[in-house]
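J.: Chain residues, written in single-letter form:
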Amino acid sequence: MDRPIKTIQDKNSYLDLRKQERVTLLEILDRALEKGVVISGDIVISVADVDLVYLGLKVLLSSVETMEHLRGAPMAGAQEGPT
Amino acid sequence: MTMNRTIETDSQEAFIEEIEKVQDMLPKRIDANPKNVEKGLAKLVLTLVELIRKLLEKQAMRRIEGGSLSEEEIEHMGETLLKLENKMQELKEIFGLKDEELNLNLGPLGDLM
Amino acid sequence: MRIYAYGIIDFHNRLEEPIEGLEGKGIYNVSYRDIGVTVSELNEETKEITDTCILEHEKVVERLMIKFTVLPMRFLTVFNTQEDLLSMVGFYYEDFKNNLERLRNKVEFGIKVIWPTDTIKQRIINAWNKSNHSLSIPADSKAKSFLKEKFKQQQIEKEFQEEANRCIAVVDDYFNKIAVEKKLKKLQTENLLLNASYLVDKDRQNEFKQAFEQLKNAPSDLKFLFSGPWPCYNFITLTKKPASVDYFNTEDMLNRLLAQQGFAKERNAV
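Residue numbers (our numbering), protein chains in the order written: chain L, 38 to 120; chain E, 289 to 401; chain V, 4 to 273.
Calculated directly from the structure, the hints in this document are not laboratory data. There could be a bad hint or two in this list.
[Claimed, not checked] Pairs of lysine-lysine residues, derived as BS3-like cross-links and limited to a Cα-Cα distance of at most 30 Å, are as follows:
{"hint": "1", "chain 1": "E", "residue 1": "346", "chain 2": "V", "residue 2": "151"}
{"hint": "2", "chain 1": "V", "residue 1": "219", "chain 2": "V", "residue 2": "180"}
{"hint": "3", "chain 1": "E", "residue 1": "309", "chain 2": "V", "residue 2": "155"}
{"hint": "4", "chain 1": "V", "residue 1": "100", "chain 2": "V", "residue 2": "180"}
{"hint": "5", "chain 1": "V", "residue 1": "151", "chain 2": "E", "residue 2": "371"}
{"hint": "6", "chain 1": "E", "residue 1": "342", "chain 2": "V", "residue 2": "100"}
{"hint": "7", "chain 1": "V", "residue 1": "124", "chain 2": "V", "residue 2": "100"}
{"hint": "8", "chain 1": "V", "residue 1": "28", "chain 2": "L", "residue 2": "72"}
{"hint": "9", "chain 1": "V", "residue 1": "188", "chain 2": "L", "residue 2": "56"}
{"hint": "10", "chain 1": "V", "residue 1": "180", "chain 2": "L", "residue 2": "72"}
{"hint": "11", "chain 1": "L", "residue 1": "72", "chain 2": "V", "residue 2": "62"}
{"hint": "12", "chain 1": "E", "residue 1": "371", "chain 2": "V", "residue 2": "145"}
{"hint": "13", "chain 1": "E", "residue 1": "309", "chain 2": "V", "residue 2": "100"}
{"hint": "14", "chain 1": "V", "residue 1": "124", "chain 2": "E", "residue 2": "346"}
{"hint": "15", "chain 1": "V", "residue 1": "161", "chain 2": "V", "residue 2": "205"}
{"hint": "16", "chain 1": "L", "residue 1": "72", "chain 2": "L", "residue 2": "56"}
{"hint": "17", "chain 1": "V", "residue 1": "188", "chain 2": "V", "residue 2": "62"}
{"hint": "18", "chain 1": "V", "residue 1": "226", "chain 2": "L", "residue 2": "56"}
{"hint": "19", "chain 1": "V", "residue 1": "226", "chain 2": "V", "residue 2": "243"}
{"hint": "20", "chain 1": "V", "residue 1": "100", "chain 2": "V", "residue 2": "226"}
{"hint": "21", "chain 1": "V", "residue 1": "161", "chain 2": "E", "residue 2": "371"}
{"hint": "22", "chain 1": "E", "residue 1": "380", "chain 2": "V", "residue 2": "153"}
{"hint": "23", "chain 1": "E", "residue 1": "386", "chain 2": "E", "residue 2": "375"}
{"hint": "24", "chain 1": "E", "residue 1": "386", "chain 2": "L", "residue 2": "48"}
{"hint": "25", "chain 1": "E", "residue 1": "342", "chain 2": "E", "residue 2": "386"}
{"hint": "26", "chain 1": "E", "residue 1": "346", "chain 2": "V", "residue 2": "70"}
{"hint": "27", "chain 1": "V", "residue 1": "147", "chain 2": "E", "residue 2": "371"}
{"hint": "28", "chain 1": "L", "residue 1": "48", "chain 2": "V", "residue 2": "226"}
{"hint": "29", "chain 1": "E", "residue 1": "375", "chain 2": "V", "residue 2": "147"}
{"hint": "30", "chain 1": "V", "residue 1": "219", "chain 2": "V", "residue 2": "186"}
[Stated by the list, open to error] Residues of chain E placed beyond 12 Å of chain V at every Cβ, according to the derived structure:
{"hint": "31", "residue": "340"}
{"hint": "32", "residue": "373"}
{"hint": "33", "residue": "378"}
{"hint": "34", "residue": "382"}
[What the hints assert, rightly or not] Distance ranges between label pairs, derived from CB positions:
{"hint": "35", "chain 1": "E", "residue 1": "347", "chain 2": "V", "residue 2": "187", "range": "26 to 32 Å"}
{"hint": "36", "chain 1": "E", "residue 1": "336", "chain 2": "V", "residue 2": "48", "range": "26 to 32 Å"}
{"hint": "37", "chain 1": "E", "residue 1": "347", "chain 2": "V", "residue 2": "135", "range": "22 to 28 Å"}
Heads up, the beta-carbon is just placed ideally off N, CA and C, and yes, glycines get one too.
Generate the whole structure from the sequences, applying the supplied hints.
T.: Structure follows, in structure tokens:
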């Protein structure tokens, strides 16, 4: 989209609504704002990207114990024993 | 052959409050302006730092529970984690960020934390 | 003139009944092979749209649902030209066909549940205090006391999550067998235990409503919200991904993450 359209939350007119109307609006927002057929690419993180981020973190943060175990190095303070 | 759409609840106010909270947490479609850029970057960086900090805490607990650390190491670990938590609190205050704001929505995988 | 899209329908001819959309403009159907995109024109000058316009969007989709199977577009899907619109439909054609088939004669229902967070937490804390599960280290320093407290918090949080899982399973049990598909979101906020969407056959709507009546009448300290039938917003699955995205491009990924945090960089639509 070359000329983006802003959505603005019209707080004043929202507060004028009765409770039932507010619930209705919120229920619709809960669906139509982020769900349905979602086309634009810059807000949604597609599945492949999610895998990448998730996998990246997993590799980054694997337990120190496991890593040391795999390397065969003794953990500081551990008893002597088979690795 | 569709019923008319109905919305039925015995607690309108409670649900209004919660759904509004959820809506507030969604990424907003606002054009960037210089002020927002800083806050956006701070949020991103702090979110990742917070993630690592929480994971470190969990890992530390597991090791302490597992009994593989000396008392000195436990003490040192505790001091470090305490300092980290306090530092994070400071940073959150400096940037005016709340706990709920430091989260990332990973689409189908749900929230990061 | 920009084009505002409301939904994909399993119909490629002209719409017989007039339907009014945003800015009072009439809806028309743009056909692509054996399906159509229902749209209306948006004034060039339109720079802002209020969130309450979503009510008009929704009204159009629900009107279309009476006669057709509709894949509702996300609110505010706008195209600069008809060519852009058609190339989008062409790109997702198979996905659209599959979804139209899967969602034929189906509707969506929403169930939200609020639980008494404080009561639940208190219950868990009380149980913890009675038990002997605290971290077995001496509380003889600030650091160690911190660790003991942190451990307690983590265990309580863990139990809190598991209690949520149990509670959700009980609620879901009422609807599981009636629904064809479901999407369950746990604890979007501390109080909002469950935000569930169920895909239900049109013929089983009443059955579903009755299941909710049973749930509502069962003794519990939960609050419920029932809504529907809705267009199937939560059950659209698109398998195709825009080709121009490089998944291993860090800069691209960083831009996406920044966009998530409210810093939307201006970029061309894919």
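J.: Run the structure past the numbered hints and jot down the numbers of the failing ones, going up.
T.: Violated hints: 6, 7, 13, 15, 19, 20, 26, 32 and 36; rest satisfied.
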